[in-house]
Amino acid sequence: MSSVLDLAAVVPVVVLDDVADAVPLARALVAGGLPAIEVTLRTPVALDAIRAIAAEVPGAVVGAGTVVSPRSVTEAVTAGARFLVSPGWTETLLEALRASGVPFLPGVSTASEVVALLERGVSEMKFFPAEAAGGTAYLKALAGPLPQARFCPTGGVSAASAGAYLALGNVACVGGSWMLPPDAIVAKDWDRVRKLAQEAANLR
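The opening residue of the sequence shown carries number -11 in the numbering used here; numbering runs sequentially from there.
The hints are simulated quantities; they were obtained by calculation from the structure and are not laboratory data. One or more of the hints may lead you astray.
Estimated spans, in silico, between C-beta atoms of each pair [stated by the list, open to error]: (1) 133 / 183: 36 to 44 Å; (2) 111 / 44: 28 to 36 Å; (3) 98 / 192: 21 to 29 Å; (4) 131 / 170: 20 to 28 Å; (5) 109 / 174: 37 to 45 Å; (6) -6 / 79: 22 to 30 Å; (7) 5 / 131: 18 to 26 Å; (8) 100 / 57: 18 to 26 Å; (9) 151 / -9: 19 to 27 Å.
We treat Cβ as the ideally placed atom computed from N, Cα and C, and that holds for glycine.
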């Protein structure tokens, strides 16, 4: 896999509190047409969830989000993550991401951060927090001077706004969690998750 950005128009951003939900949730997302699944490293069960999805859901391309240190890079890849996403980047983190052997999306929210990554040969990035950092208007403004940069906006992106992001030439995909409503997760209503994933997959 050479690029995270070309896997699907929408990358579900998953926060799991119960590892038992990982496999059925991933199966529902894959069945709905969203194979790239970002499991955020925000909960104690995240690495176990990545491990379970990698082992038991063949159609899933599971990755790790909220990767903020070299240690989390190593732990995520060891658990089976096939891509890595960070909310921001430093030289130390970028070095670890490069050394990981898997595709990665470092986070940016300013033109200077984009330019700095382009200088280092990185042209695929996460734009975060998308809505708070300027949304579609900001990304549209970046396209003129920095056309070589491609983005996955994440942070505040919803079913209502995703289409506007995906219509931009420098946006390859979006990240979001609107297809994972908390009440559906609590109720283990995986069919509802599948239907919402299907709607999201058809946005482009």
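How the hints compare with the structure:
| no. | hint | in the structure |
| --- | --- | --- |
| 1 | 133 / 183: 36 to 44 Å | 41 Å, holds |
| 2 | 111 / 44: 28 to 36 Å | 34 Å, holds |
| 3 | 98 / 192: 21 to 29 Å | 27 Å, holds |
| 4 | 131 / 170: 20 to 28 Å | 35 Å, violated |
| 5 | 109 / 174: 37 to 45 Å | 44 Å, holds |
| 6 | -6 / 79: 22 to 30 Å | 27 Å, holds |
| 7 | 5 / 131: 18 to 26 Å | 38 Å, violated |
| 8 | 100 / 57: 18 to 26 Å | 23 Å, holds |
| 9 | 151 / -9: 19 to 27 Å | 22 Å, holds |
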